[in-house]
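Q: Listed here are the chains, written in short residue letters.
6 protein chains.
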Amino acid sequence: MTTPSTPGSRIDGRAPDQLRPIGITRGWLDHAEGSVLVEYGRTRVLVAASVTTGVPRWRKDSGLGWVTAEYAMLPRATHTRSDRESVRGRIGGRTHEISRLIGRSLRAVVDFKALGENTIVLDCDVLQADGGTRTAAITGAYVALADAVSHLRGLGRLKGEPLMDSVSAISAGFVGGVPLLDLAYEEDSTAGTDMNIVMTGSGDYIEVQGTAEGKPFSRAELDVLLELGAQGCRDLTEIQNKALLR
Amino acid sequence: MTTPSTPGSRIDGRAPDQLRPIGITRGWLDHAEGSVLVEYGRTRVLVAASVTTGVPRWRKDSGLGWVTAEYAMLPRATHTRSDRESVRGRIGGRTHEISRLIGRSLRAVVDFKALGENTIVLDCDVLQADGGTRTAAITGAYVALADAVSHLRGLGRLKGEPLMDSVSAISAGFVGGVPLLDLAYEEDSTAGTDMNIVMTGSGDYIEVQGTAEGKPFSRAELDVLLELGAQGCRDLTEIQNKALLR
Amino acid sequence: MTTPSTPGSRIDGRAPDQLRPIGITRGWLDHAEGSVLVEYGRTRVLVAASVTTGVPRWRKDSGLGWVTAEYAMLPRATHTRSDRESVRGRIGGRTHEISRLIGRSLRAVVDFKALGENTIVLDCDVLQADGGTRTAAITGAYVALADAVSHLRGLGRLKGEPLMDSVSAISAGFVGGVPLLDLAYEEDSTAGTDMNIVMTGSGDYIEVQGTAEGKPFSRAELDVLLELGAQGCRDLTEIQNKALLR
Amino acid sequence: MTTPSTPGSRIDGRAPDQLRPIGITRGWLDHAEGSVLVEYGRTRVLVAASVTTGVPRWRKDSGLGWVTAEYAMLPRATHTRSDRESVRGRIGGRTHEISRLIGRSLRAVVDFKALGENTIVLDCDVLQADGGTRTAAITGAYVALADAVSHLRGLGRLKGEPLMDSVSAISAGFVGGVPLLDLAYEEDSTAGTDMNIVMTGSGDYIEVQGTAEGKPFSRAELDVLLELGAQGCRDLTEIQNKALLR
Amino acid sequence: MTTPSTPGSRIDGRAPDQLRPIGITRGWLDHAEGSVLVEYGRTRVLVAASVTTGVPRWRKDSGLGWVTAEYAMLPRATHTRSDRESVRGRIGGRTHEISRLIGRSLRAVVDFKALGENTIVLDCDVLQADGGTRTAAITGAYVALADAVSHLRGLGRLKGEPLMDSVSAISAGFVGGVPLLDLAYEEDSTAGTDMNIVMTGSGDYIEVQGTAEGKPFSRAELDVLLELGAQGCRDLTEIQNKALLR
Amino acid sequence: MTTPSTPGSRIDGRAPDQLRPIGITRGWLDHAEGSVLVEYGRTRVLVAASVTTGVPRWRKDSGLGWVTAEYAMLPRATHTRSDRESVRGRIGGRTHEISRLIGRSLRAVVDFKALGENTIVLDCDVLQADGGTRTAAITGAYVALADAVSHLRGLGRLKGEPLMDSVSAISAGFVGGVPLLDLAYEEDSTAGTDMNIVMTGSGDYIEVQGTAEGKPFSRAELDVLLELGAQGCRDLTEIQNKALLR
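Residue numbers (UniProt numbering), protein chains in the order written: chain U, 1 to 246; chain R, 1 to 246; chain P, 1 to 246; chain W, 1 to 246; chain C, 1 to 246; chain E, 1 to 246.
Worth double-checking, as some hints may not be accurate.
Same chains, same names: a pair is fine if it fits in one copy or spans any two.
Unchecked claim - When the alpha-carbon atoms are kept at most 25 Å apart in a straight line, the in silico SDA-like pairs for lysine to any residue are as follows: (1) 113 / 55; (2) 242 / 177; (3) 215 / 150; (4) 113 / 100; (5) 113 / 175; (6) 113 / 21; (7) 215 / 226; (8) 215 / 111; (9) 242 / 201; (10) 242 / 222; (11) 159 / 178; (12) 60 / 84; (13) 215 / 204; (14) 215 / 97; (15) 113 / 190; (16) 215 / 230; (17) 215 / 227; (18) 159 / 221; (19) 242 / 55; (20) 113 / 155; (21) 159 / 23; (22) 159 / 222; (23) 60 / 186; (24) 242 / 89; (25) 215 / 164; (26) 159 / 188; (27) 113 / 87; (28) 242 / 93.
Because the hints were derived from the structure by calculation, they are not lab data.
Required output: the full structure, derived from the provided sequences and hints.
A: Here it is in C-alpha cells:
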C-alpha cells in the first residue's frame, strides 16, 4: 500500500489532488497467468489475466493477437446487495460499457503483431466498490497484462515486445465547485461533473469521458479536470512501475 | 435539407470543418407526441417521443418527471445485414451504451420539477447508417423532445418550462492526420482518434468522449477536436432552432 | 401515391370495396439490394431485401436458394408505445407468426433452382401501424424481392428466372355486418370476422386465414370475404406492376 | 376408440374422406379439473384444463372470465428427437402460433360473462406426433374445457352457461391431386395445399387456414377442402358428444 | 401393474416398508428406440430413449459412447398448475439437479467402450406427480435404456455388452418418527428426513442423498433408511427384470 | 490459518484423515453485515451475508424469517478460464444445485420464528477453486451468518436466538482404494466415490450426498466415508468456534 498523506478537507482527509492509498498485489491467484488485487482506498478489484493459444474466429490467420476484458461486480460489493446478472439472465448496460472501455484501453498499447496469435482475457471482478471501480480495473489490468505477457515471453511464444506503453486511469470531478481527483463513492454521487481519464505512461490520452451529471460544464472546467487527471495518471504510472519491479 | 457546400478534399467534397447536409423533418409520424426524421447526410434516424403520465416506480411521488431513450438499428441499416437483437435475445453492449448516452444527454437540459410526474421516452431507430448515428440521434431527439413538451404544455400538464437549454451532438476525429468534423462511415472507420461531443445551445459541454482508435492522442490534438466539435454544435443549434420555428 | 376515391360511408370516406391510398416507393435505402417503403393509408412499412451468397446449413449443396422474412414493429408504430422485443429478450407470438407468413407467401412464387444458392432476407419493419401491417408487408416485400432478383440478374448469379408469379395481400372483414376491404385499425378492432388473403398475380390463393373474432361465420359470409379479397389483390397487382415499371 | 373402416387407397387404408380412428379418454389425470387423452390415429395429445379463481390483471374487475391455451411437444414425440424449448430458452414460432390458435378457437364459443372471473388454462402436450397435432389438440381441449366448466358448475361458481357451442378441428389437403381428410404426417409432408379448419358444433367456421405448400391453389380447390373439412368436423362433433355422455 | 398388498397404517393402506403399485409399460411410443411409461402409484413418468449415431463434440474420436438424461414436468402434473420452463425461458434448479442425477445414475452401469460412439438421450417427462418422480424416472429410464441398447444390438452397432448391471431408485424417509419406504407426495411433504437411494441390481450404491428437511438426523436414523432403501431397490430390480422378459 | 501437520502420502503430504490448512477470516468486506474469506488449502471462497428487513412475498406476514444462498465462481477460479454465466445468459445446473445445497444446509439450524421477518442472503463467490468449494462455502457461510445474526441482535430486531446449532461441511472419497478426507481438485478428479457431508456442531447429519463416479460402492465403503466425514466436521466445528471468539 502506497499512502501519500498531505492533509486536506475531504471526507477521508485527502488533499483535492491526492489519490487514495493505492494497493497493487501481484500473483493473488495461483492458476491465472497474471493476477492482481488492485485497491483504490476501499475499492478492491481482482484482475485475472488468462492466456489462450489462438484468437477469435474473425481474427484467425491474421497473425495478430487479441486482448479483451470483462468487468463484473459481486452482488455485495456495494452498500446494498444487487441481484446477480447471471440470475437476471442479462448483462446490464453499465457492465457492458465498462467491459468495453477496459478492453479498448488496453488494446491501445498492444502491438498485436508482436503478441502473435494469442488471446489474453482480463477478468476484472469488483470485490468491493467505493467509487472508481473502472479506473482501478484498468490500472490493475495493465499490471496483470504485463505479467501474462511475461508468461508468454517465458514460453517463447511472442514475436516481439507486445507492450508499447503502460496504461493507467483515474477519475476527477467537481464536487461543490471544487475540482477533486480520484472520487470516492460519496464524492462521486454528489459530483456535478464526472470525468474518467485513461492515459499512457508517456502522457498521451487513450480515452477521455466527461459527463455533466448536474449542470453542463464550461471549457475552462474541462481543462482543469484534464490537468488533474493527467497528474493522477503520472502518479499511478510510478506505482505500477514499482509494483512490476517487485 | 440544409446543404452547405464549400468545396473540399473529403470523399463527399466537404471542407474539413463542414457538416454533412443536415435534415430535420418534424411530425414524421402520426401517433407520437413528437417525432423527427433526422438526417446527417445518408445517416437517417427516426426519433419518436412518447409521453406517458406518471414516472417509473423508483421515482414515484417525488414530483419529478423522467426522460429516457432507447437506440436501435434496423438490420439492414448498414452495408451488410446484421442480426436483430430481438432474435438474438439480447441487447449488445454498443446499443446499451448509446441508449444511455442519449438519455443522459437530454436529461442534462431538463428541469424535472417543471416537467412534473410525466415520462418522455425517446425511441431512436436508425433506418440507415453512414457514421454519426448517435450524434444524429441526440440532435434529432432534442427536437422531438421539444415537440413532446409542447404537447404537454398544450394539455396544461406542465409545472413550468422543462427545457433549460437545447442539445446537439457531433463527431470529430483525425483521419490521416487531418482533423475532420462530422465523420461519415468510411472516414470514421479509418480515424486514428474519434470524439463525440454533446453540447448545449449556450455552448457548454454535456458529454465529451474521446477514444484513441489507433495511437494515443496528445493534449494538443484533443484541443483541436474540442474546438472543431464546438463549432459543429453551434451550427447544429441554429439548424434545430430553424426547424422548431417551422 | 395512388388514391382511388369513390365516396362511401367508412371513417375515411372509402367505399366498402375500396383500398386505402397505396404507396410503393422503391429504392428508399442506399445499401439494400432491394428496398421499398410501402404504405396502405397511414400504415407504413419499410422493407429491405438483403442478398447473400450461399444458403443456410440445412440447405447446402442442394443447388437451391432460400428466401426468408422477418417482421417487426418500431415501439411507437402504434397509438401507445410498446416495449421493444429486444429489451424484453424475446420475440412475441404475433411477431413470429407474421414473419413466418410473409416468408411462406413469397416462397410460394419462387423457383429456388433458378435462384441458385443465394439467400434473400426480407426485413419488414413497421414504421407506423394503422391496420393491415402484414398485408402491406407482403405486398411491399414482393417488390423488394423483385429488385433484389434484378440485382442478382445483373451480377449474372441466377440460373434462370426465379419469380414464377407476383404476390400481394389484403385484409377483409365484416364490420357491423357490412363486408369491408382493407381494414384500417379502427375498423379491424371492431370487426366480427377478420380475413387475410394472399394471392398470386394470376389469381390463385397462397394463403387464406379467416378468424372469427366475435361470433363464428357462415360459409356464405366466408365466400363474400374471399371474393372481396380477390378483387383487392387484383388492384394491388396492378399497382405493383406500375411501380416496377418506374 | 372409434374406428370407421371403409377400405381405401391411403397409406393406412382409409377412404379419402375418412377420419383416422379417434380416441377421446376423459379423466386421464387425477389432479386437473378436466383432462383428456385425445388420439387421431397415432397422434396422441394430453390436454389438461386447469381452473383458477380470478383473471389476468388486464381483465380484472371486468366481471369476465378468461380461457387460454399452451401447446408443446415432448422432445421425442416426433420421428427424430428435437431439443426442448426450455433448454433452448425460447419458444419457437410454430409453438407460439399453435398455442394462439387453440386459445382463440375455444374462446369463440365461450360466454365470458357466464364464466365469471375464473380462468381456465388448457395445456396441450403432444406425447406423440403423426400429423394433425393442432387439430387433435383443439378437439380434445373442447372436451377438457367442458369438464372444467362442469367442475365450476358443481362448485356453484358460474353465472350462467359459459359454453355457447362446441368446437372441433380437422385438416384437409391435396396429396397427389386428391383431396384427403385428416392428413397423417407422411401425407401432410407431401401435400400441395394444407388446410386447417375449426368449426362449431352447429356448423359455422371459427378459423380457416389454407396454405399453399407447393403451388398456389384455385378457388375451386379451396371449396373442395372447405367442404371436406366441414364433413370431418360434423363427425368429430358426434364423437365429442358421445365422449361427454360417458 | 404389480400390487404387493400387506395391510398397514399409511394413507393408502400400505405397510411402512411396502412399495406403491409399480407399473412398467414398455413400447408406449411408436418412434422412440426405447420407451416406458413407469408408474409408482399415481406418479406417472413417460421415458423415451433416443439413439443417435455419434457423440458430443468433446467426446469425439474417443471410441466411447454417451448417455445423458433430461427431466421435466408437464405444467399440470402437480396439484396446482406450474408455469412452463419454456415460457419462463429458463430451466429451474430442481429440474437441472434431477436431470443430472438421472444421467449420472445410468452412466454408472454403462460400459462406454462397448457402447461405441453412439449417444442415448433419456427424456423423462412427468405426466403426473405424486412423490418420487425422480426415483420412478431412474427406474423407468433403465428399462428404456435396455430397449435402446437392444435396438443398437439388432443393428450390429455395438462393440460389446454396454450394460454392466441394472439400476433402480427409491425414496425413504421418516414421517412422524416412523421410517417409510417410497413416499407419496403427502408423506414426502411432511417428512422430517428424506432420502433418495439409487442402487445397482447387484446391491451396490450409485447415489445416496439424504436431506434433513426438518431437524438433523442421527447416524442410527441414517442406517435405518439405507436399509429400507436397499430392500426397495431389490424389489424394483425384480419388477424390472420381469418387465424386460415380456 | 490453522495448519494441522501429520505427515502422510498425499500430494500435499497430508495424512488420509487430515484436513487441508483451514483459514477463516471474518470481516473481509466493509459493507456486508457478515463476511468471511474461507480457505480450504488453495480453495478460497468469499462469503457475504446481506441482511434485509422483510421476507419474500410467499412468506409475508408469517412471522418467519428467511435464509437463502447463491453460489458462483469467478471465471478464472479454475485452472482454465470458464465463460461467465452472466454472459451465457443462464445459470448452469451445477451452480443451481450447489446454491440450493448451501441454503438448505444453513436453514436446517435456523429457528425462523426467532429470526423474525428478516432475510439473510449468503453470497458465496469462489475466488479460487481447488476442490471442495461447496463444503468450504457452507463452513464459511455459517460463520458469516452468525455475524449477520449478531448484527441483527445489536439492532434489537430478533425475537429470540435464531441459531439452534452450527453447520460445517467436508468431502471424503476413495482415491486408489484409500479413503481420504477433504479432497483437493487433483484427488477429487480421480476419486472412485465422492461424498459430501454436512453436519451440525452437535454431530447430526444435515445432508449426505454420496456419488459413484466410477464403480458403485458397497455399504461398507459408505460407512467408512461417513465416519471420516464426521471426524472432519468435528475438527471444522472447533475451528469455526475459535474464529467466532476472535
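Q: Against which earlier hints does the structure fall short, listed by number upward?
A: Of the numbered hints given earlier, those the structure breaks are 2, 6, 10, 11, 18, 19, 21, 22, 24, 26, 27, 28, listed in rising order.
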